[in-house]
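**Q** Top line first, the protein sequences correspond to chains P and S.
Just so we're aligned: 72 in my numbering is position 72 of the first sequence, and the numbers increase by one with no gaps anywhere.
Just so we're aligned: 225 in my numbering is position 225 of the second sequence, and the numbers increase by one with no gaps anywhere.
Some hints could be false.
Covered stretches of chain P (in silico footprint by chain S; criterion: 3 or more residues with CB under 8 Å from a CB of chain S, positions within the stretch not fixed) [as the list claims (entries may be wrong)]:
hint : region
1    : 8 to 21
2    : 27 to 37
3    : 58 to 72
Source of the hints: derived by calculation from the structure; they are not laboratory data.
Even glycine gets a Cβ: it sits at the ideal position worked out from N, Cα and C.
One letter stands for each residue in the lines below.
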Amino acid sequence: MKKERVSILEHELVPKHEIVGEEKVAELLDAYKIKKEQLTKIKLSDPVIKEIKAEVDDVVRITRRSRIAGKSLSYRLVIE
Amino acid sequence: MGLKLVARGKEEVMEKLRDVELELEEEIAEQIKEDFLPVELTVTSEEMSELFTEEAYAEDIALMLGKAEEGEIKQGDIELKVNKSGLPDKIKVELKKKLRAVRIELSWEKLDAILSKVVAKYEKAKVDPREAVGIVAAQSIGEPGTQMTMRTFHYAGVGAIYITLGLPRIIEIVDARKKLSTPTMTIKLLEEYASERNKAEELAMKIQETHISDIGNIKASTEDKSVWLSLNEKELEKRHMKRAEVKAKMEDIGADVQIDEMEDGQLRIHKEGIESFHELSKLEKDVSKKLIEGIEGIKRVLARRESGGEYVLYTVGSELKRLKNQKIEGVDFKRTTTNNIAEIAEVLGIEAARNAIIEEMINTLNEQGLDVDARHITLIADAMTMDGEVKQIGRHGIAGEKASVLSRAAFEVTVDNLLEAAVHGETDELKGVTENVIVGQPIKLGTGAVELVVGK
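The shape of chain S in the complex, shown without the other chains:
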């Protein structure tokens, strides 16, 4: 995968160089080649793509080509002009690409005309001041939501890890729930592990929680008041564990616990002062629940090959914090995510949570074949995270109870709300939409939000 990227990176460089060559004397082009090519050998593909961002490239080209001479438009002029235009980056990139293609036919007048037209169109496309963007967002997500299946599950791969999707998932995200019905992590691996099935599966075993009860038979014996454990060789081998390791890890079950290995390989776990059957069964429980390997709370881990040829681990249960703290070799934490937004907010911060909300919502909608503009979803994510913590959008919106009495009364239990407000002597400021509709005044939205005076 890395190799491919390098190759593509090189192609790009060469293409850009060809463009440059048209403009320059041969010897200068040679010089640039010399400047550029060693980069390709020593720099990783990621760094490469960073080196050749649109801006960096533009600056380089502008520098190399200098300013235009007498009316002719050069590559650098397009870059510089477009960069100064104040458009969003994405539009700039597209515009530059299109302008570069027709550069030879351009004149200064044409370039200026195109630019000002694009800027004008962009300004026109912006949302109007005082537009009720929240309502538009709600409608834009609500309508396709009616087409969503009420209960859909989807499984990742053959091993069937179930993930809540569709409407229940959207509700989960918007509700900012801490306990999900199907928490799952997507663990990306470092290259060495991601390319080999065996290594990925070995790692999966290392992350999945393993208790004593998974790798052996436990029997409590009333005769000698001990717990007997016979380890299952097959299970041990599957997990690449050794008897000694297991024994060592079991030492800390309790302070006065003694573990002896018998000749037939069984382990005898004895604790001083066990008198009753109750105490014995407690010891048995402690033994069977002892975590030998993995992360507590990760019930299953599945390695699956993605379309890019990379093995990725999917888990049942999400423990991002524990995964981060345990630092398991081979895990690429930088690219590892979970579907639990509360966990992301806790471990990676509010901005990461915002990104996660956007990604999760868009993915859930796309999964169902619905296409909602990212702007609406971004607005929701912004609103949910603006106070520095993930807030839910509940029945009463994000802010909680409304300030206006009339608005509350219009929503539910009309009489109760009015009575309660009367008892407390509340005042309605008539600032919101509902109140003003009730009293028959223009609402303070859109054109209603501004007052105009005709000047003479």
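For reference, chain P alone in the conformation it holds in the complex:
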């Protein structure tokens, strides 16, 4: 019997998370004229963060499947 590792990243409730490069973060913050701390947060202990191996202070881009817009982008700052 083949037992595959169950990856939570493939779960239908989990949207795509990806770490954003520093330049892109600067662009983003500039576009909205905000500071990093004003982004929504995601904890380091979050199972998805562990899976994609993001670190504190990283910004994660989340590609949501939205009922309203079809597809929407969101960003979270990784915190302790």
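For this one, chain P is given, so just place chain S on it according to the hints.
**A** What follows is chain S alone, placed relative to chain P:
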């Protein structure tokens, strides 16, 4: 089910190809057919739908048809133009569909006019800056909430699994409770298991917790200071278990426990050093509580056929983490969910919890025949999850105590709040709405949030 999807996928491909054929020389169309058709044979329906997303399709078509020649609008032009418009995906898809239908009547001027009008309408429909969206959301959920039944239960299927619904459920979600009154999982199965009743029910038995007390009679005997277990053949058969398996699984009840099988099939469980009746009854308890199969905490599992013909398991009790770790064959974990949002946050992360809050709330409202715009619910889910953990919306909102003294005093126990603030020498910054209403200043919301100076 899979077959159907493939068939539909093929139809779509053919339809798209027909559109393309109108535009192209026959031999090119033949070439495309050759390029496309092998895909249908080797790719699963899921991959297929991914291959033919609106964007991928648009790019392909644009590539194949090239740019327009002299004023004529081609399929690819519509795709490219709409894609560049900066509208949300959902509107883009709808717009493209409608434009494609009238393509022949379009001119460049008309296409541009339509696009700019749609963009203008979209911009107008956006919420105004500084609008109090939270209040609007609260009202939009609050009003239909008054029409909700105070106590409604609903059961899934004949076997009657009760699920809290209606107002109590909404309160449960918003309160971010960890202990639900009716926790339940919806376990989806892999195709092979989902299509057959027997296999689904067998799996249900495997997931449901089974203790020794469920499959046999236990008797404590003071004569030989042992516990006697006679297994119930019927129950064993129902669960596809063998005597030897049960015996093997019982070995780890305790280190110095000895299990002997008698000639009549009874099992004698003996432990060294049992002297008192108390110790004997403790051993009896350990034996009866020993988990033989299933997931601890899943009290009942019910297989039910869904409208799509797929068997789905519903459980009493929710243990998503244990289900994930046990990796039971046949369970499609990717599509398995629970109504316990705290569990989802723990196992699948904050974003999954956000999705679960939205889905659960919309489903609960729809169940009662209420239609609340997803935007309001999304806002609530966003607010609850923005700090990386699921926060409850309590009596004082999400943030907890308010910063303003006047605002607090206006809410409850006026004198106490004022006195307390006076003792500590608190300052009120007059930043919130309530404070400013009290002192008679314009509130900092909507048009009140901006100050205008007339330029000369």
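**Q** Look at each hint and say if it fits the structure.
**A** Verification of the hints:
1. 8 to 21: holds (count 8)
2. 27 to 37: Coverage by chain S is violated here, the residue count being 0 at a Cβ distance below 8 Å.
3. 58 to 72: holds (count 9)
Checked against the numbered hints above, the structure breaks only hint 2 and satisfies the rest.
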